[in-house]
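The primary structure of each chain is shown beneath.
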Amino acid sequence: MVKEIVVEPVTRLEGHNTLKVKLGDDGTVQDVQFSITSTRFFEKFLEGRYCEHIPRITPRICGICPIPHHLTPTKAVEDAWGVQIPPAAYKLRQLLQNAKQYSSHALHFYALAAPDFLLGPMADPALRNVVHVINQMPDVGAMALKMMDFGQKLCQEIGGKSVHPISAIVGGMKKPMNESARDLFLKQIGDQVEWSKKTVEIGLKVVEDYWDVVANVGVVPTYYVGMTKNGVHDIYDGDIRIVSPTGEKFDYAPQRYLEALGEHIPEHSYATHMYYKPAGYPEGIYRANTLAMLNAADKMATPLADEALQAMRAKIGTDVIHHTFAYHWARLIELVESIEVIATLLQDPDIVNPDCKTLDVQPREGDGVGVTEAPRGLLLYHIWSDAEGICKKANLLVATNHNIAGIEKTLMHVAKQVFEDKALDGLSLPDPWIK
Amino acid sequence: MAVKVAFLQNSDCWGCHQSLLNLHLGLLNVLPALEIVYWPAVVDFKYDSLKARADGEILVGFVEGTLRTKHDIEQTKVLRQKSALIVAFGTCSCYGSVKGLANQWSKDNLVKRKFSDVESIADGSGGEPTINMPGFTDKIVPVDEVIKVDAYMSGCPPKPEAIASAVVFLLGQKAHPMNDLSFCNDCTIKDNCLLDRGKLCFGSITSMGCSLKCTSDDKPCVGCFGPAKTVDSRAEKLNKMAKKPGKLSPGDIKSLYEFLPLFLNVPLMAGFDLAGDILKQIKRHGSPETTLANLPPTTMEIASKLMGFLKDNRGFTEISTVCDTCPRIIGSKSTMTRVKRDYEGLPNMEDCLIEQGYICAGPITQAGCGGMCLKVNSPCTGCYGQTEWGVDQAERFADIVLKGYNVDISKKELLAQVKDHLGTFEKFTLASNRKFKGGE
Numbered sequence: 001m002v003k004e005i006v007v008e009p010v011t012r013l014e015g016h017n018t019l020k021v022k023l024g025d026d027g028t029v030q031d032v033q034f035s036i037t038s039t040r041f042f043e044k045f046l047e048g049r050y051c052e053h054i055p056r057i058t059p060r061i062c063g064i065c066p067i068p069h070h071l072t073p074t075k076a077v078e079d080a081w082g083v084q085i086p087p088a089a090y091k092l093r094q095l096l097q098n099a100k101q102y103s104s105h106a107l108h109f110y111a112l113a114a115p116d117f118l119l120g121p122m123a124d125p126a127l128r129n130v131v132h133v134i135n136q137m138p139d140v141g142a143m144a145l146k147m148m149d150f151g152q153k154l155c156q157e158i159g160g161k162s163v164h165p166i167s168a169i170v171g172g173m174k175k176p177m178n179e180s181a182r183d184l185f186l187k188q189i190g191d192q193v194e195w196s197k198k199t200v201e202i203g204l205k206v207v208e209d210y211w212d213v214v215a216n217v218g219v220v221p222t223y224y225v226g227m228t229k230n231g232v233h234d235i236y237d238g239d240i241r242i243v244s245p246t247g248e249k250f251d252y253a254p255q256r257y258l259e260a261l262g263e264h265i266p267e268h269s270y271a272t273h274m275y276y277k278p279a280g281y282p283e284g285i286y287r288a289n290t291l292a293m294l295n296a297a298d299k300m301a302t303p304l305a306d307e308a309l310q311a312m313r314a315k316i317g318t319d320v321i322h323h324t325f326a327y328h329w330a331r332l333i334e335l336v337e338s339i340e341v342i343a344t345l346l347q348d349p350d351i352v353n354p355d356c357k358t359l360d361v362q363p364r365e366g367d368g369v370g371v372t373e374a375p376r377g378l379l380l381y382h383i384w385s386d387a388e389g390i391c392k393k394a395n396l397l398v399a400t401n402h403n404i405a406g407i408e409k410t411l412m413h414v415a416k417q418v419f420e421d422k423a424l425d426g427l428s429l430p431d432p433w434i435k
Numbered sequence: 001m002a003v004k005v006a007f008l009q010n011s012d013c014w015g016c017h018q019s020l021l022n023l024h025l026g027l028l029n030v031l032p033a034l035e036i037v038y039w040p041a042v043v044d045f046k047y048d049s050l051k052a053r054a055d056g057e058i059l060v061g062f063v064e065g066t067l068r069t070k071h072d073i074e075q076t077k078v079l080r081q082k083s084a085l086i087v088a089f090g091t092c093s094c095y096g097s098v099k100g101l102a103n104q105w106s107k108d109n110l111v112k113r114k115f116s117d118v119e120s121i122a123d124g125s126g127g128e129p130t131i132n133m134p135g136f137t138d139k140i141v142p143v144d145e146v147i148k149v150d151a152y153m154s155g156c157p158p159k160p161e162a163i164a165s166a167v168v169f170l171l172g173q174k175a176h177p178m179n180d181l182s183f184c185n186d187c188t189i190k191d192n193c194l195l196d197r198g199k200l201c202f203g204s205i206t207s208m209g210c211s212l213k214c215t216s217d218d219k220p221c222v223g224c225f226g227p228a229k230t231v232d233s234r235a236e237k238l239n240k241m242a243k244k245p246g247k248l249s250p251g252d253i254k255s256l257y258e259f260l261p262l263f264l265n266v267p268l269m270a271g272f273d274l275a276g277d278i279l280k281q282i283k284r285h286g287s288p289e290t291t292l293a294n295l296p297p298t299t300m301e302i303a304s305k306l307m308g309f310l311k312d313n314r315g316f317t318e319i320s321t322v323c324d325t326c327p328r329i330i331g332s333k334s335t336m337t338r339v340k341r342d343y344e345g346l347p348n349m350e351d352c353l354i355e356q357g358y359i360c361a362g363p364i365t366q367a368g369c370g371g372m373c374l375k376v377n378s379p380c381t382g383c384y385g386q387t388e389w390g391v392d393q394a395e396r397f398a399d400i401v402l403k404g405y406n407v408d409i410s411k412k413e414l415l416a417q418v419k420d421h422l423g424t425f426e427k428f429t430l431a432s433n434r435k436f437k438g439g440e
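Chains as they are written, first to last, in my numbering: chain A, 1 to 435; chain B, 1 to 440.
Calculated directly from the structure, the hints in this document are not laboratory data.
Cβ coordinates follow ideal geometry from the N, Cα and C atoms, glycine included.
Each statement offered as a hint is correct.
Computed list of chain B residues with no C-beta within reach of chain A, every gap over 10 Å: (1) L59; (2) I73; (3) K77; (4) D138; (5) M208; (6) S211; (7) K229; (8) S334; (9) T335; (10) V391; (11) E395; (12) L402; (13) N406; (14) R434.
Lysine-lysine pairs mimicking DSSO-like chemistry, simulated, CA-CA at most 30 Å apart: (15) B:K305 - B:K237; (16) B:K412 - A:K392; (17) B:K229 - B:K4; (18) A:K392 - B:K411; (19) B:K340 - A:K393; (20) B:K46 - A:K409; (21) A:K3 - B:K70; (22) B:K148 - B:K51; (23) A:K422 - A:K3; (24) B:K219 - B:K229; (25) B:K254 - B:K213; (26) A:K3 - B:K51.
Isolated chain B, as found in the complex (with noise of 0.2 Å):
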């Protein structure tokens, strides 16, 4: 049966729902499952029929766009009471986008530049319009500053695939085939499994039915089915590993990484990055409430504490950068001797554009896009949001790339060089920068 699903656009650019109809052939296997109550873009149901739903009702909620208007905050607030889920959809509705950067003026400065101080005003007309109009709010903030937030999808725009798989994962019909029992059940070796000998194998909350092709060439399970209805014996000895994530062998760790994309079905949603938005909500809320899945209670218990461990282990978090997923050569012939801007000269394709003296904000930002800007000769602007917050984004960039890469000039002259800095490091996500004050 189709479920409700409600799409809502507050000050937005229509590019999230653009990415989500390139789907285009894709959509028809997507369309079937949703029941659309709500999405100007696309279907004429008016603002009256969202009021008149009962709260609840819809299963899932997307909020894209940005808070701008207060009317925005009014109909985000309606929907979180009507939604059992809500997804920030889009990095507007997650970080501010490059409407945040908004925050640098004081909102009667914004509107002057837009309705009064303007040069092709020609009759004499002028000031904020005021019949119909909702109102500005002060400044840009991200949604779940307003509404609790379920889950978070940042791009801008997410991508479509990302999109589809979010969709169809949110409404309990991923392909994951949720099996009664786990991988234990089929798996061939019964004494001194992985398990017991300290490996760290997922097979105990893992559905059963692969082709046991990991555990026959010794290699622990992770997890690539999905999640079993119900867990074998052995998750209680996986649960005390968990327990104690920090012991983890390297070889551990590396199933862990696979797993946990894999097992909540989240490589096809936004590649890895997706777990790094899950720790924005342990950061906000102090534990895992994501509502992802209908997972049993052990396995549950055992995702949100190695979700918590990645919180916690930078270098673990660091993996999940846009570097990562960039095709340059880091280390290349090239080093950065002092920065170039983006219309000097042109860029060779495989040497990493840091080293080659642009600036460039894959060190600094969550992976997800596989490098879409890079593979054009261009640098990343930072459109999936930071890998950690909180901090002086224009100096973390400094201080990776000085350590990581070749870069032949102090922290203090590459800083210098960069004139305009939060259009630079914080071009997205300004709106989230709690330390920023702005508003002149």
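Chain A on its own, in the form it takes in the complex (with noise of 0.2 Å):
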């Protein structure tokens, strides 16, 4: 008889999951299900629609990263109309995204990860959440509401608005940065990065006192996918990066998506699964997000974040880290570099220039294919334009497909872990800070 363990929602995450496990009579893992249950169809109602409308439509397919999904589309649309956009417009494009990374990677550590480490893998459900912490850290949860709080704002005010942002536009952006609301975020940026700086402190202690999880559970070899600018980290702008289990790199143009990535239709889940192409499914599985764009990287843009990103590689490796439990740490070292970035591109004048958007622009027949990396990881969009800027077709690969079959796959390491080499009865886990 097959015993099934469901776990439905699957909770402190963006969507609607439900994890199935099956062991067999022996204890074996037999089968592990990662579904994802549901999906909108957005690929098809952007048939239709005016080009340029197109980013002020996908936003809405993700609440907590709008701002890659109006950034990318309005590249993927530049690209097929062949429109050039001001250096103003990047460096704001640069410093909106970068802003997002900062709160979503503080949300992510604070209130969907954080409860599991600070309360510990075995505390009352009812109280595994960001409130608890809150409540029982107050000074710290303060700290992280207001980190989130500031990359949020300053969404909003280049954004026009933090969640489903308005101010690209196919050349460029809207509106350059008002100076005195510049000058204002300029005050914050000393606390910031001191608290940037002690969220690193409390992600080392983590990864410390959970040190026997971090290099024994979930330590799964895959291929990761990534971008960087000429090797460089980068989140903005750059090159499809491939990185196999042995730590090869294998760097596409974004346009060239096709040749390196391929998509898998499972029968079980509404997100579909992506793989690096010439390894096959599912042999190239890869996974996305933070520990992918570290592997992807050979250094970060800024100095904080790479000496950081040199501390990881020193203490767990240095060619490819498998290390499941990283993507925390991994997470960090991305938080500290967006938020040197950020500091940087307030000090820039470009921001508040004007001269932020080309003013000829005019739609062609063609497609184009844009890339950013989403704080969860790579997207993609790829647009048909007709002659008069109508959208034919549009193919879109989100963070979710990239991390899906790799996140199942990892699962199902984890699972045959657990059932069947008990790994955890030997485990040593630390006394929780909030008991």
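With the hints as a guide, dock the two chains, each given alone in a separate frame, to form the complex.
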């Protein structure tokens, strides 16, 4: 008889998932299904829309990462129509993308992930959430909230709205930043950098406390997909980079994505599975997101973040890191980079430069590809335009697609560790910070 | 004592939840009032625990997201059963949002493009996934087509301060003192008061405790302290006036306009448009069924009549469009002579975008956002929902702008120059359009 363990829904994540683990009589893991139970058909209903309206629709794919879903289709249409944007627009978009990265990574660490570590994996589910963390650790809670608030407010200032932004347009940005607003954000940078460092300290303490878990649970060799600009970590612009399980790196210009990225339609998930095409499915299943980005990068774009990356590589490995629990650590390294990029760009006179939009934009028939790195992984839009600039067709490969097969593969690995190898039994766990 | 609330996520984007979390430090004031019994985005309770709760046990259930899967429908019905009040939370739930645009195609066509006819499928796989999968609905409908809804909070997403006010308000913990006695008790004008003189003064149903500033300046009380627990005997007179609101003077209309949002505590919730949403409720169910506050019967009667008046008074409801909160000049130096696409040129920050040639949905869209898009030089696309229902939105837009804006182009030309009518005028509300058949 097969025993089935069902988690419905999987909580503290964006989206709708059910997890099923099937165990045989002898306790062996027969199957693991990670099922995404909803999808909304954006690919289809973008057809017939004005191409320049697409970035006003697609942010509704994800309310946590609406900024990348605003900027990436804008880039794709610019690619299709052959439109260049002014340097000021490029920098404003970089700033916007990093502001989102900052708030999202802070939210992920403190609201979605931290409850597991601060209360411990065996805690009462009724208490294992950010509300309880805020109640029990008010100082840390307030700091976390002020970090998220800074990022979201900066998104709102540049994007018009922090959730579902509107200011990017094919050809650039509708408006530069106001000088007075810029000055207000600049004043807060000192505190934000300090809090980012403090967050890394908390993260390192968690890694140290849970080292037995980090080093032994969910160490799964897979491919990785990320984005780099000339090998350097970049979340707004660059080439797709694939990393093999042994650390080989392959670069593809966004327009060549079909050579690298294959899609598999599973029978048990509405979110489809992605894999590295030359390696085939399922061998080529890759993982995306923070650790994948760091595995792809030769170096980080900013000094403090690069120092932090070197520290992680010194501790875990230099070629390619397969430790699933290192995703949190990688996220904090990206968090540091984002605040450093924000600090630099806020001091750049271009972000208040009114020359932020190419005035002469003309639609043309053709297709274009836009790629950015969203907080949860690679984001790709392929848009086909007719001569009037109306969307004929769109193909979207979003972070969920890029993550889901890798997550399922990881869950299979961990399920075997837990149910077959009884790996949790001997595991050394720290005293929870919150009891 | 904390009260039980639940947040349901149907096929959504998380944006309404992110908007709530955007309160950040403001959350510290809201959270202690709540016992969150279901909220997959944030807490670890599973679906079984929701199903196991007693009927009506949850005070407020927030339903968010579109009804795209059969499971969405099922869990929405479950939450209705378990909750005393249901709030349609966000534009998906109220009107279907952009996902309603999918109603242009049949389910088979949608499924084909998503799971079979895809450029990046590279291994011969394909077809609709069916294992562990709930299956899709044939088309998107608003939540109130499936269950009874007590209050609507539109916006894509609703603003954080609006959500917080609504939560606090719905939980009966609003800042209003809800004193036993009414304003009249404190008022210094005892003889021939404003109400006696035929002015629409709301003192008789409003809580006492304010500085009496309005009546001291010989202006009527507009109810900003919220309802009193008991009403003054003068309320009968007010009730009579409310029966014939059509006879109100312009000054009284102004009082009425101030009264409802202040009294019902809606300005912080979503601007005046929440009253617009209550109107939707009246339209659907014939009478106001709002359970927004435990009002004394006379007070409820007066507020209901006045809300009913708003429903039938076009001039009044037209106040609450995005244009009314837009800082740009209508009647500017610019004039629309042809329809421009959004990518063309760059509009100036002062003049109305319509008069500069761009299509902006402000004139047909409910207020509540504060004109956020306009402030970053981008047109409104209608995410708060429309101010009139059951009409052709493109035609209505054209009629309004030809009448009240600098537009020098015929209606026919204007409408012909917009190629994508549904995506331009019904981007967020197509699912609420009962006349639209679609589904080719």
